[in-house]
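> Below are the chains, spelled out letter by letter.
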Amino acid sequence: MTAQRVISGAVALCLSLSSTSAQEQTPPPDAADAVEMIELMLGRSPSRHETPLAAMQGLGALYARLLAGARAQTPGDLGLWILLGDVALRSADAGLTQSFTADLLPLYRQDPDAVLGVLSEAPWLAGSACHYLSAHFGSEDRPDENRAPFLEAERARIRDALPGPAAETCLTALSEPR
Amino acid sequence: MSYTINVVRKNGSGTLTFKSGSVNISETCWWDEEVVIDAGTYTGYATRMANKTDGTDGGNREAIWLGLNVPYNGDGSTANGFFIHKGTNAGWSDGCIVMPGAKVYQMWSEITPKETGNISVIITDETVKRGRPQDWDCTRYMHSSWGTMPLFE
Numbered sequence: 001m002t003a004q005r006v007i008s009g010a011v012a013l014c015l016s017l018s019s020t021s022a023q024e025q026t027p028p029p030d031a032a033d034a035v036e037m038i039e040l041m042l043g044r045s046p047s048r049h050e051t052p053l054a055a056m057q058g059l060g061a062l063y064a065r066l067l068a069g070a071r072a073q074t075p076g077d078l079g080l081w082i083l084l085g086d087v088a089l090r091s092a093d094a095g096l097t098q099s100f101t102a103d104l105l106p107l108y109r110q111d112p113d114a115v116l117g118v119l120s121e122a123p124w125l126a127g128s129a130c131h132y133l134s135a136h137f138g139s140e141d142r143p144d145e146n147r148a149p150f151l152e153a154e155r156a157r158i159r160d161a162l163p164g165p166a167a168e169t170c171l172t173a174l175s176e177p178r
Numbered sequence: 001m002s003y004t005i006n007v008v009r010k011n012g013s014g015t016l017t018f019k020s021g022s023v024n025i026s027e028t029c030w031w032d033e034e035v036v037i038d039a040g041t042y043t044g045y046a047t048r049m050a051n052k053t054d055g056t057d058g059g060n061r062e063a064i065w066l067g068l069n070v071p072y073n074g075d076g077s078t079a080n081g082f083f084i085h086k087g088t089n090a091g092w093s094d095g096c097i098v099m100p101g102a103k104v105y106q107m108w109s110e111i112t113p114k115e116t117g118n119i120s121v122i123i124t125d126e127t128v129k130r131g132r133p134q135d136w137d138c139t140r141y142m143h144s145s146w147g148t149m150p151l152f153e
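Chains as they are written, first to last, in this note's numbering: chain A, 1 to 178; chain B, 1 to 153.
Hint data in this document are derived by calculation from the structure and do not stem from the laboratory.
Within a straight-line C-alpha distance of at most 20 Å, the following computed DMTMM-like cross-link-like pairs (lysine to aspartate or glutamate) qualify:
no.: 1; chain 1: B; residue 1: LYS103; chain 2: A; residue 2: ASP141
no.: 2; chain 1: B; residue 1: LYS114; chain 2: A; residue 2: GLU50
no.: 3; chain 1: B; residue 1: LYS103; chain 2: A; residue 2: GLU140
Use the sequences and the hints to build the structure in full.
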């Protein structure tokens, strides 16, 4: 419990340090969700769930809440969802990465500027996000032939939106079949 | 009631077997060869994947979850999101074991109760044994340098 308070305090401190106008307009994440994500990043089982099965299902529920918020353009949820995707990829959470692979590209098509806006503010997320965009093509029997037209259609937009290295990381990921 | 699922892996594909009551499954399965669950025995749970809505019965995708901290790639890494679920090739896997959806559903339906760690999932790698290893060829250098090796009788 003490550790959870420490993490909650760290979350609050990090959130209070944000200074750009965009960040000032974005509401802070739900504290319990933020604690769960930090625990995941640290390789711990989320403390708010009592059993391993509940932890797995709770993570699925967190994914679903953030994705629903992102689709509804709830401020802040898209960034948290993309951050969760990065954690999932780094921790090889196969169930979650398969879901991100299926769900990120449709969201990008719905509002590419919103997704690129998140990556512009946190360029280190470009690698994982663009991995998911790329992996969409050819996985779960989706055709790989749509990769090249997508890449050509989005190349200029990605270069305009992202810092140079992040843009190249993204374009390289998009050009490489899974 | 407890259940056992056996997965025997070979090169690129394997065979999943499951027997319970009248259900007797022996089916080809696949996995992502870049994320390979370590051979071993894991506690499985018949459940559904929270964010996949393409289940055979119209609900979320039916699956067997392998629990927390499952080791993979033989390097000490562990992960929490490995399942056995439907799929027609390795392109359906980021490390999960996949096999045709009808067979997953048949197996999943047989397992009761759901959401309980009542399954032993045994993953093994098939090893090929062809007798004793060949002896070291102490004459190889002589062969290559001198051509034909003389016979010693």
